[in-house]
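Enquirer: So the chains spell out like this:
2 protein chains.
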Amino acid sequence: MNFNGLNQEDLQNAFSNIKKKCLALQREKYSLDISRGKPSEEQLDLSMGMLETLNKTSQFPKNADYRNYGFLEGVPELRSLFASILGVDKNNVFLGGCSSLNLMYDVLCKAWCFGVLGGTPWCKLPKVKFLCPVPGYDRHFSMLEQFGIEMIAIPMDDNGPDMNLVEELVANDVYVKGIFCVPRFSNPTGIVYSDEVVKRLATMKAAAVDFRIFWDNAYCVHTLYPDAPELLNIFNVPDAVPDRVYLFTSTSKITFSSGGTCCLATSDKNLQSLKKFFSIQTINFDKINQYEHALFLKDAQTVKLLMERHASLLRPKFEKVQEIFNDNFSDNSYVKWTEPRGGYFVTLYVMEGTAKRVVELCKKLGVTLTDAGASFPRHLDDLDSTIRIAPSYISLEELEKALNVLVVCTEYAICEKLLGVNS
Amino acid sequence: MNFNGLNQEDLQNAFSNIKKKCLALQREKYSLDISRGKPSEEQLDLSMGMLETLNKTSQFPKNADYRNYGFLEGVPELRSLFASILGVDKNNVFLGGCSSLNLMYDVLCKAWCFGVLGGTPWCKLPKVKFLCPVPGYDRHFSMLEQFGIEMIAIPMDDNGPDMNLVEELVANDVYVKGIFCVPRFSNPTGIVYSDEVVKRLATMKAAAVDFRIFWDNAYCVHTLYPDAPELLNIFNVPDAVPDRVYLFTSTSKITFSSGGTCCLATSDKNLQSLKKFFSIQTINFDKINQYEHALFLKDAQTVKLLMERHASLLRPKFEKVQEIFNDNFSDNSYVKWTEPRGGYFVTLYVMEGTAKRVVELCKKLGVTLTDAGASFPRHLDDLDSTIRIAPSYISLEELEKALNVLVVCTEYAICEKLLGVNS
Chain A
1 MNFNGLNQED LQNAFSNIKK KCLALQREKY SLDISRGKPS EEQLDLSMGM LETLNKTSQF
61 PKNADYRNYG FLEGVPELRS LFASILGVDK NNVFLGGCSS LNLMYDVLCK AWCFGVLGGT
121 PWCKLPKVKF LCPVPGYDRH FSMLEQFGIE MIAIPMDDNG PDMNLVEELV ANDVYVKGIF
181 CVPRFSNPTG IVYSDEVVKR LATMKAAAVD FRIFWDNAYC VHTLYPDAPE LLNIFNVPDA
241 VPDRVYLFTS TSKITFSSGG TCCLATSDKN LQSLKKFFSI QTINFDKINQ YEHALFLKDA
301 QTVKLLMERH ASLLRPKFEK VQEIFNDNFS DNSYVKWTEP RGGYFVTLYV MEGTAKRVVE
361 LCKKLGVTLT DAGASFPRHL DDLDSTIRIA PSYISLEELE KALNVLVVCT EYAICEKLLG
421 VNS
Chain B
1 MNFNGLNQED LQNAFSNIKK KCLALQREKY SLDISRGKPS EEQLDLSMGM LETLNKTSQF
61 PKNADYRNYG FLEGVPELRS LFASILGVDK NNVFLGGCSS LNLMYDVLCK AWCFGVLGGT
121 PWCKLPKVKF LCPVPGYDRH FSMLEQFGIE MIAIPMDDNG PDMNLVEELV ANDVYVKGIF
181 CVPRFSNPTG IVYSDEVVKR LATMKAAAVD FRIFWDNAYC VHTLYPDAPE LLNIFNVPDA
241 VPDRVYLFTS TSKITFSSGG TCCLATSDKN LQSLKKFFSI QTINFDKINQ YEHALFLKDA
301 QTVKLLMERH ASLLRPKFEK VQEIFNDNFS DNSYVKWTEP RGGYFVTLYV MEGTAKRVVE
361 LCKKLGVTLT DAGASFPRHL DDLDSTIRIA PSYISLEELE KALNVLVVCT EYAICEKLLG
421 VNS
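Chains A and B, in that order, give the protein sequences. Going left to right, the first sequence walks through residues 1 to 423 as my numbering numbers them. Going left to right, the second sequence walks through residues 1 to 423 as my numbering numbers them.
Next comes chain A alone, as it looks inside the complex (with noise of 0.2 Å):
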């Protein structure tokens, strides 16, 4: 509804109507969950035939029985597929386990405890800092609150970070040692980051030779749309400083979320490097998962299609979510949200100084999204207003009656806010 020119009288009226919807809610006695990106069970499904890729007869390569020690950097068969599809080269491409958020974990980690590339390592220094986009990813965020890692929190707009500010930062704070970016379908927003951006990135000076980006393109082919905005390949911008990215990415919501498999990207020198870490860590991540991925997925164009069926599960929600915010916010200046053409999330920004209310609110109507606050580090979202929406999980039914209590929820702390009510 339009907030817009209402008087007190009108206020109270709307908040009552308000009040009313939510005793309605209430006696629905919901329990629904929108707060994490985790895909549904039908989209889970598509995959099951990976299950059936081996069985007792298979026979591996000649001379590489992928049961067995060995292949510290994965299954060649994998690396190619993800070379291909991030085109980069193959040799530049380490496989990890199920989880890309462990092998970031695990790359940051060894900045840390040994440093990068003969540097000083990172928990005998004074301080580190990293950059953080905001809006972000809340699991990056709790990995360098966990280090002790301090967070400077970057405004994004729809290109990506405040580049300015990046740049700025980066060439003058030696204690500068790493931006965490999701550069494509950025998680909570949506937005992909734009060429400037990317080159930007690539090319801006540092004053840490050992400053860099941890580049996580979870997302990078989960378009919901064919004309989905493409991200261009840093790996590939002329005059880019060497050594500085190492990308991540994980099957995680291409197959399955726990039992998918990730890997790294990034330069030689990088990656020698951290293979004589990783050597002494393991003496090789899981090749029977990877070579399943790698016989079920085969090549771009069938993980194109793979995708394709993820987008037709997953774009009714996304849209269910447009239509409803369009119903009730079209005409609300209080409240905004993004139109993500790929990705997890869509981000909804509601009143200032209302999105623990709204959050709050909907919990008790038995919603559950995530924190308020949860996409900034340390949860300091100065404007209280940024909630973000992970749609793929529930079904469109309970997905509709989920954002309603999120509207009405809205519409009740706005009320709340300009009545100056207390509750």
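Simulated from the structure, these hints should not be mistaken for laboratory data. Every residue, glycine too, gets a C-beta built ideally from N, C-alpha and C. Treat the hints with care, as some may be off.
[To be verified] Cβ-Cβ distance ranges computed for the label pairs, FRET-style:
1. B:Gly87 x A:Gly70: 30 to 36 Å
2. B:Leu125 x A:Lys363: 39 to 45 Å
3. B:Asp331 x A:Lys90: 54 to 60 Å
[Said to hold, decoys possible] Negatives, chain A to chain B, calculated, CB over 10 Å:
4. Ser16
5. Pro126
6. Glu150
7. Asp158
8. Met204
9. Lys269
10. Thr368
11. Gly373
Please build the complex by placing chain B on the supplied structure of chain A, with the hints as guidance.
Expert: The following block gives chain B in isolation, referenced to the frame of chain A:
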């Protein structure tokens, strides 16, 4: 042969004969590898059925879609199975990825970066020391070396490490933070820690409250003979110091070496703390693989039967080692070896000062052994006499050839030494 009482001329003649044998062996152009404890192809074949435990139409337990995110501590079915094998409570079992080495690394790394149960992070201490029973597992030592942890070699006998020395060091040096043990069928000697040793380890006083035992029970069910000695359950020792033990094991040598699964068992308090750290590192490890293991391995009895099939493939190889060493070395006072009742290794003690030379000579004749010294921290085998034999991987026929080369090279090096020949 017997070298005792040979005069110079006898020795020269013996050396000539041995040299002739070497020349003949050189012409065989062998390429044989007994350096690593890898299962053979036939052993890996025993678990091919695991690849058919799940298929396109498989259902997952109610409210537990193992394909999706969640269950940080692993699937309950496999936690129960490990618990029953290890004699611990299911709630004290935490499942990892495919490598127990990686899990040890993670646990060590968390102590290094963040400290143990609120203690000072080990990376912030002026030094950290670990006790290393020798000969021991080279990958443990490489891990400690990577972190810059000082390694103190502790001699072992048939009962385990020298406990007087261990107790003295642990009681008096606050920088002694841990010890790595392979308590059953120790790598590489194959000995089993005596009850007395286990009890003393569990109950001894430690200067450091964050002293931890890394109990790498890699070969917990890996017996070659039904009468193989049992290991006392370290968690059941009366008056044990609380929170002292991290127990690790894996299925790398039960199912697949790459593509197995692993676990950590430890106290409530340790596990609670570690889970907080692990929850930042990953959302979960590979639950599909864990569930496949649970379905395939079923229960402790099924595991026992599978291990008997492994044993029946391994036993002839271990017996071949004993046979050839007995035939050739029984009257050789310079040579000794171990007779393990389980595990993956036999240790050969050659004449002091010749182990490196023997490995080098074998290499020339096409037989790869683990580097001499690898079983010691920083590869420092002061006596230069320990050689690790891993007979599991190659065929019985090839093993016989490799061992014959080893025998000749061992005798060659003795002749060189006794004759004072510089080669």
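Enquirer: For each hint, tell me whether it holds in the structure or not.
Expert: Here is how each hint holds up against the structure:
no., hint, result
1, B:Gly87 x A:Gly70: 30 to 36 Å, "holds (33 Å)"
2, B:Leu125 x A:Lys363: 39 to 45 Å, "holds (44 Å)"
3, B:Asp331 x A:Lys90: 54 to 60 Å, "holds (56 Å)"
4, Ser16, "holds (40 Å)"
5, Pro126, "holds (13 Å)"
6, Glu150, "holds (16 Å)"
7, Asp158, "holds (29 Å)"
8, Met204, "holds (29 Å)"
9, Lys269, "holds (19 Å)"
10, Thr368, "holds (14 Å)"
11, Gly373, "holds (17 Å)"
The earlier numbered hints are all upheld by this structure, with none contradicted.
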